[in-house]
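Visitor: Protein sequences, first through last, are from chains A and B.
In terms of my numbering, the first sequence is residues 369 to 454.
In terms of my numbering, the second sequence is residues 5 to 591.
Relax, there's no trap hidden among the hints.
Below, a list of computed lysine-lysine pairs in the DSS-like style, where the Cα atoms sit at most 27 Å apart:
# : chain 1 : residue 1 : chain 2 : residue 2
1 : A       : Lys384    : B       : Lys277
2 : B       : Lys496    : A       : Lys384
3 : B       : Lys104    : B       : Lys32
4 : B       : Lys496    : B       : Lys104
5 : B       : Lys496    : B       : Lys277
6 : B       : Lys104    : B       : Lys277
What follows is a set of in silico ranges between Cβ atoms, one per label pair, in the way DEER data are often shown:
#  : chain 1 : residue 1 : chain 2 : residue 2 : range
7  : B       : Ala436    : A       : Ser370    : 39 to 45 Å
8  : A       : Trp440    : B       : Val208    : 27 to 33 Å
9  : A       : Ser391    : B       : Pro362    : 42 to 48 Å
10 : B       : Leu552    : A       : Ser370    : 36 to 42 Å
11 : B       : Gly352    : A       : Ser391    : 57 to 63 Å
12 : B       : Met446    : A       : Ala387    : 42 to 48 Å
13 : B       : Leu552    : A       : Arg447    : 36 to 42 Å
14 : A       : Arg447    : B       : Ile439    : 37 to 43 Å
15 : B       : Pro569    : A       : Ile395    : 39 to 45 Å
16 : A       : Leu383    : B       : Val208    : 40 to 46 Å
17 : A       : Ala381    : B       : Asn465    : 50 to 56 Å
18 : A       : Ala381    : B       : Met248    : 34 to 40 Å
Per the computed footprint, the stretches of chain A lying under chain B, defined by three or more beta-carbons under 8 Å from a beta-carbon of chain B, are:
#  : stretch
19 : 386-392
20 : 409-418
21 : 421-432
The set of hints was computed from the structure by calculation and includes no laboratory data.
This structure is a prediction, so every number in the text was calculated from the model and none was measured.
Note that CB positions come from ideal geometry on N, CA and C, so glycine has one too.
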Amino acid sequence: MSEQTQRNQYWQANLKIMAVCLSVWFIASFGLGILFAGPLNGIQLFGFPLGFWFAQQGSIYTFLILIFYYAWRMNRLDREFDVHEE
Amino acid sequence: MELQTLTFIVVGFTFVIYIGIAVWSRAKSTGDFYVAGKGVHPVANGMATAADWMSAASFISMAGLIAFLGYDGSVYLMGWTGGYVLLALLLAPYLRKYGKFTVPSFIGDRYYSSAARIVAVICLIFISFTYVAGQMRGVGIVFSRFLEVDILTGLIIGMGIVFFYAVLGGMKGITYTQVAQYCVLIFAYTVPAIFISIQLTGHVLPQTGLGGQVTGESVYLLDKLNTVIQDLGFGEYTDGSKSMIDMFAITLALMVGTAGLPHVIVRFFTVPKVSDARKSAGWALLFIALLYTTAPAVGAMARLNLIDTIQPGAVATAPNLAYDERPDWFRTWEDTGLLSFEDKNGDGRIQYYNDTNPEFTPIAESRGWNGNELDVDRDIMVLANPEIANLPDWVIALVAAGGVAAALSTAAGLLLVISAAVSHDLVKSVIAPNISDKAELMVGRLAAAVAILIAGYLGYNPPGFVAQVVAFAFGLAAASLFPAIIMGIFSKRINREGAIAGMLTGLIFTFGYIIYFKGVFIQPLAENTPENWLFGISPEGIGVVGMLINFGVAFIVSRLTSAPPEHIQELIEDIRVPRGAGHAHSH
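Produce the complete structure using the sequences and hints provided.
Guide: This is how it looks when you write it as structure tokens:
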């Protein structure tokens, strides 16, 4: 495998991981926190209406997990494709 | 000891720490000055980013904003945190790999054009100055409120401190000072919040206290708040009044704007490796989330506390609080003018309700209420919190130190990107390319000093638009810098012509729309109401449309003109892989 095709495959793999993470990012905030907040508010999580919880708490926790997941996943990918830093 | 003496000691002590750090970490080269020699540990960088990011507005105003907006306030919570996902995934690692000092230098190199670089410098300076003016104002207000010196004196002390460590220490000094400032501000924010949460709900964590039951009653805090504010004619706390498209647009504009703010982006240039840049965004968000998940709890609890004070029993059955029996904290904050009472119906008691709700007017009249009598500044929700909860004086002093830390850390970060843009992107790259490293460092320090003076002036004589700067800074960052950087990384086809045309149209459209409704230098041309807005999107959220226009124009113009040259294609290939980041910064 030439270095060029290897790099292209690395980039494609990266884009795929990125797309998955961004979908989760979108669903947790814009989806559950805004678009479906109305219906979700009918569900109670302890003292929180669920849509309200996603908008003021849940989305932030999701963002946090996403970034650390991406950092971890990309470190693995860097090694798989041998493009990691020395 | 008197509260004021204690406050002086606590704030003075933090200043000694900041100056000590600045002397210890002073910059010796332009690399130190611009990006702290690229040797900052990702966790330390995360803390510094958090302090850099969380301004006087986050510390003082945000919880109060949420307290009065309820669910609608979520746009700030999601908007100002979600941007870090974009930073970590789309920007930080690639810009770190590219390995230079400033945002305009990336745009200038990627689009092989001094014109693009200069457009980026103009965007950067405009964004950063509007933002910094608000910070200096915040410094002045905190000083005058807690230390009872006048705003000008407060401002001069603040400018002096920032001058000392930003000019001397550059990015290196700022970074380590910000780490200390973060510790001060997060401690000052969470301690009163924890106490209030325990008092109100028995939960140690405010984050769970928000969903907990009120102590001694078997009712959830949010349910109680919903009931009591609806009884006073306000809308339900956990439900919004903004239209869905506007919620959507504002949240997205704040997220994208966050990811496009130069003083945030540049923080990721300071870490040693590409993998550190990804991780560091996570640490930054973790440190930010500590405050941002506490803020909604502070907001809701403070609102409930306020109403409970004024309405000791159920609404309209038990009598309201008599003005003569008001608590001490009420008197203290009346003196500052942030809280004021006007006895409109002459009964000597305080009525607080929503008198702008026409459906509620007959109910209020039947109770003998003659208009809302209590005027509450939303900033009070954080500032008066420790007093409302009867916390010891040292906690109040700490809140003052926290407010100053939040304002100073953000101001310093902004001043640094301004000075770097001037000395590196204008002087070194365009005006005098042969300047030595030492002379460039000198120019950088000089630019920082001038920027501080201008910021101080703007803080003292705020041009009418300081209140609207948030919409401006985020909207412009979203519509100009963010798309140019993203396209520079993810497309090999976008060329010089496309990027410049995109940035300019995005910038002019957003600028024009905000001026049209908010009227910054001129009278607003139309009333700022939902009926007049384009697609129902408010000026706060219009940066999203500006961003889409930027992408669209850049794409079309690039199609019609020739592709970027070979060496640019190679540059893009190179920044997409992490390996070799250590060698990338040859100048």
